[in-house]
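**Student:** Next come the chains, spelled out residue by residue.
There are 8 protein chains.
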Amino acid sequence: MEVLDAARLDHHRILRTGLPEAVFGESKTVDQLVDILQAMLKRPTVVLATRVDQRKADQVCERVKGIRYQKTSGLLTGNEEYIPENISRGTVMIVTAGTSDMPVAEEARLCLKYFGHSVETLYDAGVAGIHRILAHGERLQQASVLIVVAGMEGALPSVVAGITPAPVIAVPSSIGYGTGAGGFSALLGMLNSCASGMAVVNIDNGFGAACMAAAINRKRFPPESGEHFSPPTE
Amino acid sequence: MEVLDAARLDHHRILRTGLPEAVFGESKTVDQLVDILQAMLKRPTVVLATRVDQRKADQVCERVKGIRYQKTSGLLTGNEEYIPENISRGTVMIVTAGTSDMPVAEEARLCLKYFGHSVETLYDAGVAGIHRILAHGERLQQASVLIVVAGMEGALPSVVAGITPAPVIAVPSSIGYGTGAGGFSALLGMLNSCASGMAVVNIDNGFGAACMAAAINRKRFPPESGEHFSPPTE
Amino acid sequence: MEVLDAARLDHHRILRTGLPEAVFGESKTVDQLVDILQAMLKRPTVVLATRVDQRKADQVCERVKGIRYQKTSGLLTGNEEYIPENISRGTVMIVTAGTSDMPVAEEARLCLKYFGHSVETLYDAGVAGIHRILAHGERLQQASVLIVVAGMEGALPSVVAGITPAPVIAVPSSIGYGTGAGGFSALLGMLNSCASGMAVVNIDNGFGAACMAAAINRKRFPPESGEHFSPPTE
Amino acid sequence: MEVLDAARLDHHRILRTGLPEAVFGESKTVDQLVDILQAMLKRPTVVLATRVDQRKADQVCERVKGIRYQKTSGLLTGNEEYIPENISRGTVMIVTAGTSDMPVAEEARLCLKYFGHSVETLYDAGVAGIHRILAHGERLQQASVLIVVAGMEGALPSVVAGITPAPVIAVPSSIGYGTGAGGFSALLGMLNSCASGMAVVNIDNGFGAACMAAAINRKRFPPESGEHFSPPTE
Amino acid sequence: MEVLDAARLDHHRILRTGLPEAVFGESKTVDQLVDILQAMLKRPTVVLATRVDQRKADQVCERVKGIRYQKTSGLLTGNEEYIPENISRGTVMIVTAGTSDMPVAEEARLCLKYFGHSVETLYDAGVAGIHRILAHGERLQQASVLIVVAGMEGALPSVVAGITPAPVIAVPSSIGYGTGAGGFSALLGMLNSCASGMAVVNIDNGFGAACMAAAINRKRFPPESGEHFSPPTE
Amino acid sequence: MEVLDAARLDHHRILRTGLPEAVFGESKTVDQLVDILQAMLKRPTVVLATRVDQRKADQVCERVKGIRYQKTSGLLTGNEEYIPENISRGTVMIVTAGTSDMPVAEEARLCLKYFGHSVETLYDAGVAGIHRILAHGERLQQASVLIVVAGMEGALPSVVAGITPAPVIAVPSSIGYGTGAGGFSALLGMLNSCASGMAVVNIDNGFGAACMAAAINRKRFPPESGEHFSPPTE
Amino acid sequence: MEVLDAARLDHHRILRTGLPEAVFGESKTVDQLVDILQAMLKRPTVVLATRVDQRKADQVCERVKGIRYQKTSGLLTGNEEYIPENISRGTVMIVTAGTSDMPVAEEARLCLKYFGHSVETLYDAGVAGIHRILAHGERLQQASVLIVVAGMEGALPSVVAGITPAPVIAVPSSIGYGTGAGGFSALLGMLNSCASGMAVVNIDNGFGAACMAAAINRKRFPPESGEHFSPPTE
Amino acid sequence: MEVLDAARLDHHRILRTGLPEAVFGESKTVDQLVDILQAMLKRPTVVLATRVDQRKADQVCERVKGIRYQKTSGLLTGNEEYIPENISRGTVMIVTAGTSDMPVAEEARLCLKYFGHSVETLYDAGVAGIHRILAHGERLQQASVLIVVAGMEGALPSVVAGITPAPVIAVPSSIGYGTGAGGFSALLGMLNSCASGMAVVNIDNGFGAACMAAAINRKRFPPESGEHFSPPTE
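Chains as they are written, first to last, in full-length UniProt numbering: chain A, 1 to 234; chain B, 1 to 234; chain C, 1 to 234; chain D, 1 to 234; chain E, 1 to 234; chain F, 1 to 234; chain G, 1 to 234; chain H, 1 to 234.
Since the hints were derived computationally from the structure, they do not count as laboratory data.
Incorrect hints may appear among the rest.
Cut-off 25 Å, straight-line C-alpha distance, at most; resulting in silico cross-link-like pairs (DSS-like, lysine-lysine) [said to hold, decoys possible]:
| hint | chain 1 | residue 1 | chain 2 | residue 2 |
| --- | --- | --- | --- | --- |
| 1 | B | Lys71 | C | Lys219 |
| 2 | E | Lys219 | B | Lys56 |
| 3 | A | Lys56 | H | Lys71 |
| 4 | D | Lys42 | D | Lys113 |
| 5 | A | Lys71 | D | Lys56 |
| 6 | F | Lys71 | H | Lys56 |
| 7 | F | Lys71 | E | Lys219 |
| 8 | E | Lys56 | B | Lys56 |
| 9 | F | Lys56 | H | Lys56 |
| 10 | C | Lys56 | G | Lys56 |
For reference, chain A alone in the conformation it holds in the complex (with noise of 0.2 Å):
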């Protein structure tokens, strides 16, 4: 069992999901990391490790050729050249409520990117001041898929949602303090908007909320039966 047995990844849910597999790095030791990802990068997909802090990428970017660290995002990344083309239906917009919520923003954006999608973001437009984010209202009505980041109240999901018929992915954040501290107030507040068109991942899943976007907002979909089963990026 010393023997990371990384031939094991799951080579086929791309054709069933059309989503390339990720790695949660942050649970992994560095030698577990450097044998995934080197077993991965042999494959013709785009390589994403997800939630890895600065030592342990620093350690795995010398052992490894050819990965990257993104350091906002905390994403290590590899096989640029496999990134798919021309799948977008549209632009997948990302907006944050404060600058400290740009680190899960960022890693929206990024896997939304290596997935192949067209992105844009409007950062920093907090609720509080709402005549920030009504100043964006055509751009927010033009996304196809909006993801929205938000700490605290977590109450921006809700705003955008009320001006916007394109559907909200909302991402609590784990910042705030006291009772808002960890993101369940924003959770919470999230998953009791009284905005339509909307639904929740999980506190700081970037990630999760670029796949969903990403499902959202692939071009080809839902086409003829079994065309999922020719994946986009090979």
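Got chain A; can you put chains B, C, D, E, F, G and H on it based on the hints?
**Tutor:** Same frame as chain A, but now just chains B, C, D, E, F, G and H:
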């Protein structure tokens, strides 16, 4: 101990805090309410019992002359002739997110009326349609203090506090279901608001909001030392 | 304030978000429902009130012509002639883990029907017997978007999301007991799913799932700027 | 997105709400703080950043001229020449239960000072020895508004609110251990207080308490319509 | 198993712990209560069943001679002739914050009476008016042990423990609403009290408080080894 | 406010409650501890500061003569010459479930020693091997009062209370992991014990347990009125 | 969808897992139960529906021949002729802490009987009197597997597991009040037990405990590969 | 009390329960571990200490001859010559959802090895790709008992239990973030599983899972009465 010593009611309270004592009716029996209210009616202040359901209220009203039931708010009231006059610094404005929040808002409104304050209401101005609340911006800015009631994600007080310079008392209501049941989601949303000039009372606590609003809105305040001991109602 | 100003309903909502307003029926009195529904019936959109129990529904239906009660889902509906046509990009598929999840699934199904979307159902496909759900793999892969309802441990949406490339809206239901009572176990299971392309709405929130599915499945979307303001139902 | 658009700061906020914007420092990087504070220093209002630890503060102060660190409170402050004058209706009194609550109390005190309000403090007046607080009864009764900070069981604000007619803003602090760790016990104690004329802000939220106190204690309030739009600091 | 083996009741318990066994009535059927109480009546100790509602109590009293129902406390009692005499070291004092706490206080008072202890009560001495409780300072200081019942924020036991050198048993009651519903707020307040000489029992557990008070207040205690095995009631 | 008014310490407390004041050290700075302890050393009572870690303790001991650090318990102590004599009614017995509970038990033991009480210990008598605890039955029965510390499921106090007629003070410790982390599992187990003659203090609160035990075990108690005001240590 | 497709029941389950499918009755309507049970009766396995209340059971039994209601356990049962024979490796012993735990214990006992296992019971052997359970040590040691049901602090399974070498399945029951209400206290106690050879099922889940016990106690297990596919009941 | 009485270790435990005692290492100091392990090494059973971090382990191994550290699992082990032989009824199979669950799985695997049981592992078989686990169906069906470790939503044990007739011991791991942090989400998912023949141990409790598996898998069980008292290892 079968004889409830209603005389032990806190007569000096109004002298110290400027607010009459109210009876928490929810967990009291009809016999207990009858005894207490009869004792209170003999004193020269208004009479208020909160959170009394229809069934208990009917029996109490039948047995105690001078008490009437305010159905939507669940209040039993009496001694209207002792409502103080001319003590408001300005107008307290009560705002609700939805029709379902009316019981809590009405509890606050009637208590304020019995405390002698001037009140205006703006009901059913939920956050999903922000334009509704923005249309009332000027009224919101002129209020002396605002009470804002909301359930579910509890975002309305944040929106109001972003518009007005007046202090906002946020009241989470227990309207909601699933993760919003019981009002905890609304409470957390309000405690973690990014907006300033806002504080929170317990879930469904219209009475507590009214007390805080009254303490803020009292006219002769803060006066020369000692004046507090000449209560307005006597 | 005894007179409910039903005219204050948010008429512009459908213009902004493409979804008609629905009434949250659970915490409203029969009188309030009657006033609101009568006002809504005069407008050229479908009428929906959610979470209405049989007792209140019977009284409302007796007093308001043109409203009918959909028992399993707890919906009051009306103005069927305004159901929009020809707006679906594809078919929304609704999957449930067990018979007990049907009220939530039916709330979603009927709302989608009134929003003008094409819906298919696959009820009682619980995760304990995985072969049951695998047998329907092709249908699951061809749906435009899926709504998956499950209580207890809430594992079904993860299984479905592992099979289909379409976006999955997971709905925790409050079916369960002990630690599963209230649906929190299912909610947490869905938020922490290892599967991709999935987002979550509040416990028992069939209506919210339908809104998100509709936002995803709307045909002419994302169109040229401004078109959103010509709502499909008029 | 690497370039933080500090210009997007909400300049109109002080016009609407009478309070300057403050920066939530806890989750921001040194680079982000430097950019934002430099932008803020160019505007004619005081500068405040909250919840900044010593390590980050030292780096910021080295890079940004005119910013100083207030150690006990964790505040970064600047532009003292724009502290408004002559706007207090009375004195805000800040009371703490114990020495350990001083960081929260000092955050409130300094923010109020920078908002232009007159403040007095009564620290270490815990509830276990009630006589200590009773000895200050007259001062407590003469304050315009009180901020009371307490951890553990959070009983002090209830005691104070039973003595004074002024509004009490209760601030739970995260001082405690076991079931009291994190401040939830204090928060619940304050929300469920039997005392009247009291409302609560988030755990450790000295800044929020100061904002509420300032909204209550502002002198020219409630004025003729429109005046709010001539902010006191310009 | 339909035949309940009441003979299995723990006869030796009183020999070991000095307290008679009581029956937890809440979750038992009428048939189970009848069987158990009939068996208990044959033994030479007092009989106590706790948390029995009126409906079950009426049926039990009809079927079991010698059992009476103590309505406020929800107790079924019997075998009064076995109440031990002359075992109190002093007086147990029971204090409540409000009228609503009487059921819990009465459960404690009656249990202590049946355990053979001397009891005094001071009901409705809530913390909001501290002067009320201070007026009874001397009585509170002379008690052998105190039981203090309070709901909502649960502050009364802290106040009492700050006045008396006697041990204080704090009983949180489930009186409250919103965040105070169920008594958790009161429980946390008591566990985190700054006052000394105080310990806590379960929410609404008047019986448990009585047992602890009896263990403290027993006269011949701590005696020579072995004496415990001559229980006072035989 | 930089000058801490240590003179404000509650000198009258020992007169009212028979217990010396202790300092809660966890959230205080070294400077604050030094100031307070120096003031306390001048008074004719023992000096105790709880929950002080090694790092802070070393600095304090270097700066304050006469203070020593009791490592296992985390106590700072001083003024040993004022330990009262001859005040115990009997022996307080302290029992722990495991070696890991020793810090809490030692905090209780040393506090009791400084309060002037006679203490015995029985450490590492966990419930998994019941025979271990049963072997000590006689000692447990002869104690005047018992303090029982346990983490994880917290069952030991119930077992002890089933054996002894003396009052049992149960102390949940934060020993555990997973669902037992933080001590909540142990706390709940103790609050819901089927055993009688037991009450609970906060998690890890050895000091609180010692205070309760001291209040129970004080010799001249309950005496003639007024005697409490001649404190034993002067 | 009004027609429930009962034929979709998982017929292959018994082949895979050796356990017949049971119906979760709590959240199903009478019509749904009737349809499902009629379908199940036609199959050659025993029929079980769990958590059915008296009112629904009466209606179902009237409409479905061959179904009987087992009142204490809340089970509907049928097809007794298909109870497998001769499959027990030994005896399953069911132990309860109190009379109130009987519904859960009986659910387990009857399910095991219908699964074809040999069962013994030891009811009302609560932990407060340890000698009661110790008296049955030999029987406890000889059982093949034990199911131990307990509410409140849930300590009984730990005591039993400390005595027997057989595996113990711990079932928390929802018997309790205050902090013990709902069974969470018992659940946590069991999960954090210091005793070994024990695992836990959901609160009140007698059925789940029976399934685990049956899986452990099945005679021909683990046999040669493939044999599992010849289920014992056909 | 500074001298730890290691001799008090529970020597009879293995006679009663068939399992050797293990030391919970997490909250013990290096000194305590050294004392206890030295005492244990003198007894004729294997030695196990759980949850020891690298830093403490290094110091212990330096001071205690014959103890080695098993890094991934955090175990200290010794006395390998006393590993019992020939006691397995079959093979225990350990399955994990992901690489991150290995520490928990390894704790279980090594404990079982030291208990004398035959173990196989199937690591990294997560539920998102169901085909991975289905491919191993036959092995899963032939195991005597299975331990399945999973974090996040914790669905893997349900999937496994739906495939195998053997009992499944589910171990939630603390792998996850946001609402999944700490393992509660996985725990709830496992407790509420729709699958049968499954029970749960505490979060990360690989040791507890091994004990339960050993109790189930022991060969000569259930034997003639009394035999348990001849433990296999002596």
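**Student:** Checking each numbered hint in turn, tell me which of them this model violates, lowest number first.
**Tutor:** 1, 2, 7
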